[in-house]
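Engineer: Take the given structure of chain A and dock chain P to it, following the hints.
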Amino acid sequence: MTKIALAAAIGLATMLASGSALAGKDLDAIKARGAVICGVPTGIAGFAVADSQGKWVGLDVDVCRAVSAAIFGESDKVKYVPLTSQQRFTALQSGEVDLLSNNTTITLQRDTALGLDFTAITYYDGQGFMVNKKLGVKSAKELNGATVCVAPGTTTELNLADYFRANKMSFKPVVIEKVEEIRAAFFSGRCDVYTTDVSSLAATRAANVPPPATPEDFVVLPEIISKEPLGPMVRHGDNQFADIVRWAQYAMMEAEEYGITSKNVDEMLKSENPTIKRILGVTPGMGKALGVDEKWVYNIVKQVGNYGESYDKHVGPNSLLKIDRGVNKLWTQGGLQYAPPIR
Amino acid sequence: MAVETLGSPTKVKVSPWNDPVIRGWVFQIVVVGLVGLLAYFLVSNTVENLQRQKIASGFHYLEREAGFEIGDTMIAYSPASTYARAILVGMLNTLKVAVLGIIMATILGTLIGVGRLSPNWLLAKICEGYVEMFRNVPLLLWLFLIYKLISEAFPGPRQAINVLNSFFLSNRGLYFPVPLADPIHQWMGVALLIGIVAIFFVKRWAKKRQDATGQPFPTILAGVGLVLGLPIVVWLLGGAPHHMSWPELKGFNFEGGTVIQPEFTALLVGLVLYTSAFVAEIVRSGILALNKGQTEAASALGLSRAHVMRLVLLPQALRIIVPPMTSQYLNITKNSSLAIAIGYPDLVASVNVTINQTGQAIENILIIMAAYLSVSLSISAFMNWYNKRIALRER
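Note that the protein sequences, when read in sequence, are chains A and P. Per this note's numbering: the first sequence = residues 41 to 383. Per this note's numbering: the second sequence = residues 119 to 513.
The following block holds chain A by itself, in its conformation from the complex (with noise of 0.2 Å):
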C-alpha cells in the first residue's frame, strides 16, 4: 500500500504545484535552499552507497557533488534521497529532487515522453548475466529455462525479454523491487541467473555476496546484451541548471584529459597553457557564461577530482570492485569518454 500512497501522493503533488516551469526556477530554488536535492540508487556498491559514516560515496554521487561544488563553491550541500528503480523519475517529474544521478540508462522514450532531460554520459555501461559457478554455464546462450532475477521498470527488464525472444529461449523472471530483496533472491538459489548492468554485477559480486560464499563462487557471463549508457538527469524546463550539470560532467573529463588533478590543482593555476587557464578560470569568462563562479572547475576538481581519479577511487583499481576501465577511457586513450572544449 505504501508505494500506492506514495505514487497517489506524487500525483496528488503533481496535481497542487501550481508550478511556472521558468527558466532558472529550479535553480533558483536551489541556491535559495543552499543544497541541490540529489536522487541516488539504493545502495550500489561503487555507484552510490552509504559508507560506514553514513557519508554517501560513489560514481553517482561525485556527480551530485561536483555541481553542488560548481554552484555553491563546496561540495557538500547536497542531500542524497535514495530512489529505487520505480520511484525515482516520479520524484524528478514531480519536483521531490532535482537531479537524478540514478545509474539510468539513457534512451528516447525517457528522453521524450517522461518530460525529462539527460545531461552527458558518466558511465558507458552494458547489461550482462552473472550466475554461480556451480551450474557449470559458460554462455548466455545456455540459459533457456533458466529463473532470472531482475529489477522491475528497468531497461533491464525490457532487454532480457527481447534477448530471450531473439534466440528463441524462454525464462521464469522473479521481479522484487528493493535491489537488496534481488539479491538476496539470488543469492539464496530463488533463481538461477542475475541480470543487470555488469558495472552493478561487477558491485554485487564484490561486495554483497553473503558468507560463506566468495565472489569466486560466482561468474559473469561473457555475453554483453545490451548498450547501457548511464547518466544523470533533469526535469525539463530549467536549461541553465541542465547546462551547469552537464558542463560540471565534462569539467571532470576536461580535467583529466589536461592532467589536472585534485593534488596538482593549485600549481596549475600558474600554468601558462591558455586552455589551463581558461578551464581554471586564470582567464575569466567560462564560469560567467555558465552563470556560476569563474572558479567553478577548480572547485569540483580540488573537492571531487578529475573524472580519471574519480573512476579510480570508486570503481576502479583502488576499490573492491576493480573494473577494467574499458570503454569508459578519455578517447586520448582509445576509449568512449570525450568532452566538448571548455572556451
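It is possible that part of the hints are untrue.
What the hints assert, rightly or not - Straight-line C-alpha distance at most 27 Å; calculated DSS-like pairs for lysine-lysine: (1) A:Lys353 - A:Lys335; (2) A:Lys71 - A:Lys119; (3) A:Lys181 - P:Lys368; (4) A:Lys342 - A:Lys119; (5) A:Lys117 - A:Lys173; (6) P:Lys452 - A:Lys218; (7) P:Lys452 - P:Lys368; (8) A:Lys335 - A:Lys303; (9) A:Lys369 - A:Lys267; (10) A:Lys218 - P:Lys214; (11) A:Lys173 - P:Lys368; (12) A:Lys362 - A:Lys173; (13) P:Lys368 - A:Lys174; (14) A:Lys303 - A:Lys117; (15) A:Lys178 - A:Lys212; (16) A:Lys178 - P:Lys368; (17) A:Lys178 - A:Lys208; (18) A:Lys95 - A:Lys303; (19) A:Lys218 - P:Lys368; (20) P:Lys172 - A:Lys65; (21) A:Lys65 - A:Lys353; (22) P:Lys266 - A:Lys174; (23) A:Lys71 - P:Lys172; (24) A:Lys117 - A:Lys342; (25) P:Lys368 - P:Lys266; (26) A:Lys267 - A:Lys119; (27) A:Lys303 - A:Lys362; (28) A:Lys95 - A:Lys119; (29) A:Lys119 - A:Lys65; (30) A:Lys208 - P:Lys368; (31) A:Lys212 - P:Lys214; (32) P:Lys266 - A:Lys173; (33) P:Lys410 - P:Lys243; (34) A:Lys335 - A:Lys310; (35) P:Lys368 - A:Lys212; (36) A:Lys212 - P:Lys266.
Calculated from the structure, these hints are not laboratory results. Given the structure is predicted, the values throughout are model-derived calculations rather than measurements.
Structural biologist: Relative to the frame of chain A, chain P by itself:
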C-alpha cells in the same frame, strides 16, 4: 415573538435568511459549487502542467507492446502482449490471491475463534496465543519471514524434495502433475456447477421434510457426494482419460506439471495467517455477544455441543459477525498489494512497471484505484446483500 407563536399552527413569516429550508439549500449549493471548482482546478491544472512539461498523457499506451515478462500468469501472456493485457494479468493474480485468501481466512479464523471459547484449556490458550502473535506483528514482516523461510530453507531444484516421484518441493515452488488438457474437462466443470445448484435444492427439500416429519437428512454428506460425484461420473462416461503431465527436471528447472510458486505461497499464507487472527476475534465476539441463555436452553433440549454451535449459536452470531467481516475481506484484497515487497506479480506490480516504462503515472494510478474500488465495492455489495438476508426479520 417566539412566545406568541408557540403552539399556534399558523405559519410565521421569517426573513429568507432565517428560513431553515432556504438556508439549507443555499449552503448545499455553495458546498457543491466549491467541490466542483476544486475538482476543476485540480484537473485543469494537472493537464496544463503535464502539457507544459511535455509529459505524455492519455490512455493510448495501453495498446502498445509491453515488452516485459511476468512470472506467474493465469492467462496466456508474453512480452509481445499489450500493456492492457499485462495489467489484466496482474488484476487476475490479485483476484486469485484475494479470493483464496478470503475463503481460507474465514475457515481458519472461525476455527480459531470457536477454539478460543473451548472449555479445553490447552486448546483455548493455543488459539489465544495464535491470535496475539499474528495480530500484533505487521503483515509485511510476516510476508518477509515466510518468503525468506521458503527461499532459504528449501533446496534448489536439482536437490528438490521428491515425494513419490510426482511432487517436487524446492525453492522454485511445489511442482506436481496435472491431467493433460482434455475436452471432457469442460463437461466436468458443467457437472460441478450442476452439483452446486443441486445442493441448493436438496437443502430446501431436506428442510421441508425435516419440518414436516422431524427426520434429519445428511445434507452435508449428500452435498459432497453431488459436488464430487457428478464430475466423476462424467469423467467415467468420457472414457476416463488419465494422461498426466508430469514435472521433470530439465536443465535449470522442472518442466511439465504445474507449480505453486514461492511468492504466491508466501503472500497467501501471510494474508491468511494475519487476517484469520482478526476473523477469529470477530467470530468470538459474535458468539460471546449472545445471551448465555441460548446455550443453556439449547443444551437443555438435549442438543450436542456441536449442534448447539452449528444450529443455535452460529446462525445468531452471524448477524453480529458479518458487518465487521466485510472490512476484513476488504483488508485482504487491499493488503494483497504488499505482494510487491516479495515479488508476486499482482496488479500493483504490473501497473508499477507500466508506469516506469511509459512514465504515465497519473493514468496508471487511476487504473489501480478504479480496479481496487470496483473489487472492493463488489465485495461490499455482496456482503451487504448477505447481511440483509440473514438479518433478524421482525414480524
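Engineer: Hint by hint, note whether the structure agrees.
Structural biologist: For each hint, the structure was consulted:
1. A:Lys353 - A:Lys335: Given pair Lys353 (chain A), Lys335 (chain A) holds - Cα atoms ~24 Å apart, limit 27 Å.
2. A:Lys71 - A:Lys119: Holds - the C-alpha atoms of Lys119 (chain A) and Lys71 (chain A) are around 13 Å apart, at most 27 Å.
3. A:Lys181 - P:Lys368: Holds, at roughly 16 Å.
4. A:Lys342 - A:Lys119: 20 Å, holds
5. A:Lys117 - A:Lys173: With a Cα-Cα distance of about 44 Å, the restraint between Lys117 (chain A) and Lys173 (chain A) is violated, given a limit of 27 Å.
6. P:Lys452 - A:Lys218: 21 Å, holds
7. P:Lys452 - P:Lys368: 38 Å, violated
8. A:Lys335 - A:Lys303: 16 Å, holds
9. A:Lys369 - A:Lys267: 16 Å, holds
10. A:Lys218 - P:Lys214: Measuring from Cα to Cα gives roughly 24 Å; hence the hint holds.
11. A:Lys173 - P:Lys368: 18 Å, holds
12. A:Lys362 - A:Lys173: Holds: Lys362 (chain A) and Lys173 (chain A) sit about 20 Å apart, inside 27 Å.
13. P:Lys368 - A:Lys174: Holds, because 16 Å separates the two Cα atoms, which is no more than 27 Å.
14. A:Lys303 - A:Lys117: Roughly 22 Å between the alpha carbons, so the hint for Lys303 (chain A) and Lys117 (chain A) holds.
15. A:Lys178 - A:Lys212: Within the cut-off at roughly 20 Å; holds.
16. A:Lys178 - P:Lys368: 17 Å, holds
17. A:Lys178 - A:Lys208: Within the cut-off at roughly 18 Å; holds.
18. A:Lys95 - A:Lys303: At roughly 22 Å apart (the allowed maximum being 27 Å), Lys303 (chain A) and Lys95 (chain A) satisfy the hint.
19. A:Lys218 - P:Lys368: Judged against 27 Å, a Cα distance of about 30 Å means the pair is violated.
20. P:Lys172 - A:Lys65: 17 Å, holds
21. A:Lys65 - A:Lys353: 34 Å, violated
22. P:Lys266 - A:Lys174: 22 Å, holds
23. A:Lys71 - P:Lys172: 25 Å, holds
24. A:Lys117 - A:Lys342: The given pair, whose Cα atoms are some 15 Å apart, holds under the 27 Å limit.
25. P:Lys368 - P:Lys266: This hinted pair holds, its Cα atoms lying about 25 Å apart.
26. A:Lys267 - A:Lys119: 30 Å, violated
27. A:Lys303 - A:Lys362: Holds - the C-alpha atoms of Lys362 (chain A) and Lys303 (chain A) are around 22 Å apart, at most 27 Å.
28. A:Lys95 - A:Lys119: 11 Å, holds
29. A:Lys119 - A:Lys65: Holds - the C-alpha atoms of Lys65 (chain A) and Lys119 (chain A) are around 18 Å apart, at most 27 Å.
30. A:Lys208 - P:Lys368: 17 Å, holds
31. A:Lys212 - P:Lys214: OK: Lys212 (chain A) and Lys214 (chain P) at ~20 Å, within 27 Å.
32. P:Lys266 - A:Lys173: 23 Å, holds
33. P:Lys410 - P:Lys243: 22 Å, holds
34. A:Lys335 - A:Lys310: This hinted pair holds, its Cα atoms lying about 14 Å apart.
35. P:Lys368 - A:Lys212: 14 Å, holds
36. A:Lys212 - P:Lys266: It holds: about 19 Å lies between the C-alpha atoms, which stays within 27 Å.
In summary, the numbered hints that this structure violates are 5, 7, 19, 21, 26.
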